[in-house]
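K.L.:
Protein chains in written order, with numbering that gives the first Met the number 0: chain A, 0 to 195; chain B, 0 to 582; chain C, 0 to 101.
Please note: incorrect hints may appear among the correct ones.
Unchecked claim - Think about it this way: if two alpha-carbon atoms lie no more than 27 Å apart in a straight line, the pair counts; the simulated DSS-like pairs of lysine-lysine are:
1. K527/B to K20/B
2. K70/C to K203/B
3. K89/A to K10/C
4. K311/B to K203/B
5. K10/C to K85/A
6. K571/B to K203/B
7. K89/A to K15/C
8. K203/B to K305/B
9. K203/B to K127/B
10. K581/B to K203/B
11. K451/B to K305/B
12. K527/B to K571/B
13. K451/B to K527/B
14. K311/B to K69/C
15. K69/C to K203/B
16. K581/B to K571/B
17. K85/A to K69/C
18. K161/A to K10/C
19. K10/C to K69/C
20. K89/A to K161/A
21. K524/B to K451/B
22. K581/B to K311/B
23. K127/B to K69/C
24. K161/A to K85/A
25. K127/B to K20/B
26. K15/C to K85/A
27. K305/B to K581/B
28. K571/B to K311/B
29. K127/B to K161/A
30. K70/C to K311/B
31. K571/B to K305/B
32. K15/C to K70/C
33. K10/C to K70/C
34. K108/A to K59/A
Hints in this document: simulated from the structure, not taken from any laboratory.
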Amino acid sequence: MQIPYTVAPRQDTGLFNAKLGIWLFLASEVMLFGALFSSLVLLRTGAPEWPHGWDHLDWKLATFNTIVLISSSVTMVMAWASLMMKDFSKFRIYLGGTILLALLFLVVKYFEYTHEFHLGIFPSTSAFFAVYFTMTGLHGLHILGGIIVNGYLWGPGARMWKTDPARFTNRIEIAGLYWHFVDLVWIFLFPVLYLL
Amino acid sequence: MDHVATAGHHAHEEILPFWRKYLFSQDHKTIGIQYGLTSLVFLLFGFTLMMLMRWQLAYPGQPIPFVGQWFGEANAPGGVMVPEFYNQLGAMHGTIMVFLGVVPLAVGAFGNYIIPLQIGAPDMAFPKLNAASYWSYFTGGVVMLSSFFVPGGAANSGWTSYAPLSTIATQGQTWWLLGMIFLITSSLLGSVNIIVTIIQLRAKGMNFMRFPFFVWAQLVTSFLLLLAFPPLEAAGVMQLMDRVVGTSFFMPSGLVVAGQPLTNSGGGSPVLWQHLFWFLAHPEVYVLILPAMGIVAEVIANNTRKPLWGYKSIVYATIFLGFMSFIVWAHHMFLTGMGTTISAFFQTTTMIISIPSVVILTALVLSLYGGSIRFTTPMLFATAFLPMFGIGGLTGLPLGLAPTDIHLHDTYYVIGHFHYVVAPGTIFALFAGIYHWFPKVTGHRMNESLGKIHFWGSLVSINFIFMPMFIQGLAGVSRRLYDGGQQYAHAQGVLYLNQVMSIAAWTLFVFQLPFIFNFFWSIWKGEKSSDNPWDATTLEWQTPTPPGHGNFLIEPVVYRTPYEYSVPNASKDFTPQTEPEKA
Amino acid sequence: MTNDPHANEIKQHVRKYVIVFVALLTLTIVTVAISTFHLPVGAAIAVALVVATIKGSLVASYFMHLISEKKLIYFVLILTAVFFVVLMVLPISHWADNPGLH
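Looking at chain A on its own, in the form it has when it is part of the complex (with noise of 0.2 Å):
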């Protein structure tokens, strides 16, 4: 007996379990940066004073960085409607640029922290700080995640597209629903860090 809806959905609950499986796990990471903002929230309630993220932090660079991920974001739903629509090769030009999108972003984050390193800025020279690499860095973590899946799916996982065409793009939907959920996690980190 094989396991079934991998593909097709279960009537009753109208989903297949991936995307069930998916929506789970990003309920345990909402759950999870959730905890980082809560600290955020009582560190910062607690300290008597607090350095404004404009101030100390490069918001030019995290604001472009911020139209990066979001573009990232249209690459890769344009992916699966690309999938959706059976078409291949654009399917591969977005998901491609999803990637590159991805890895401009962490080139940026790169230069960003260097440049703090520079200046003697760590993580342990205050809580402000010690809050801001810990987020982003955990972001940038997850980010990383998504480019390794996302490369994946590019590369040898595109063989799918072959023998198991909805199955394929099923999968795409489930890299998708991750991938705009980090692009979520910045929409709050970003303001929160940077522009307060």
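Chain A is already provided as a structure; the job is to place chains B and C on it using the hints.
P.N.:
Same frame as chain A, but now just chains B and C:
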């Protein structure tokens, strides 16, 4: 017994090499067994750590007999345990029992093996993820155990790893944090798998109110793991940052250690660690108890030849319990200087959460009434669970109310309370589960006489370990004292109990030997079992023994509720869930 | 899944994606611009969170298709939202009527 669905070998099933069939198997039954064996080893190891601690508590400053020389000069010069080593044993005993022993056994082993069978599914929803979960757990375990061998030894700041002590602790704490990251990852992947499996892969006719209660218990447990663990993962990362990179998430300003002021930035909050830790660790205790209640329910219904009393009440109570478990955590923190409003809030929610626990326990007790009880070994353990859990639960009440908690917090009373729920509570239930499902997994029955010796010896000795703890706690003996309270005037009157408890602990170990022997011997030499030796109604007993890959050849169809025992006018005293209603 | 009406449906979706993209870019510029006014802390936080919530809702509703998702997913997310709020609010309530040491 009739097989609604049999699983044979498909004609084109590939022959897998050893490493793929056993080591990196994706079959939920193999993975369940992997979890089971690994967790039993960890349980034994954690038990051994406790036996060492109990020597020091009973005979402080005396060299440990026979094995004292093995621990080296750093830990036990001349065989006498140093306090630092005692603290390692304490922290690792708790960590190993909870995270490497009980939960992997209750959820990883029993959950993985039984859930797909009970809901009529061919496997878990994500077999590769399942294998990844197990190996992540295994890796976490290796990391944890390795920490004993690094300079300074294993983690020694309690299983609770409170900052700032844990931040300045020896290297082993870093290993603890890394180990926890692997374990939490394993848990998260596993909980996603269980939830999707239960909701999506249940067979036709298996609607939610036809689930065996075991399945409900695992479903709610998995939601707890899914949503409560991530904050601890975040906290673990932050503590790692504090230790390795010098941040001050949990380090307040102005700390002085050994006469030297610390040079970190300060401005952190030790209480923040406690909030994030207990946000997980409170739901964690329901993770420890719910699968156990699930097992007890199955065993009781089967051995009373009666449906469970109040199935709906138990289900709703479990759901309510799961929800409430997220908003009671700070009852572990009453003494941290919290304001009276928030204290009142947590006291209230804590009192409220006792209600569903009582509902479930009462329903299970009422399930015995009027039953034709067969006191098989699983039934003995399941029945004993009830009063033992009752004691554990009742003793929690003064802890959940701040005024009484002021006196009892961090004393042996707490240790007595939580051990009652976990040891003669959960672990007894897990034993019941092992004896109950062993025939399905191995095709053999465990020996009943050895089982009864195991049961009675364990029941008596375990009470002699934990009951005196209430007395010591009420007398004011603090926990985590390596000399068991010797130095305190207020403890003198109850010190003799240390010896009582230690002898009881070593006796408890002796009574595990028949179990260990029985377990392995019966795999090969136990009395051969039929497919449904207990005449049970639930789906796992309608498969061949052991079930083949894919479990069911044709999708089973469910027509009935899970406990149709002694139905009037039925031909047998049990009716399997897959048996259609009479035409 | 190869019929034309389906492809048309996807094209409708693509239109939505482009509109949302433009909205997100606009809101990004808005939130950055407002931050340059250096509003008092309380107001700054409120505005930033409101804008972020709007942006996040757009991503969730349209890119993640939450606007037309199944009930079970909504249930999981609402449950998560409740516990998320608990995690945000309760720890800082610790000192609500007892300022003391943090």
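K.L.:
So, against the hints stated earlier in the document, which numbers end up violated here?
P.N.:
none
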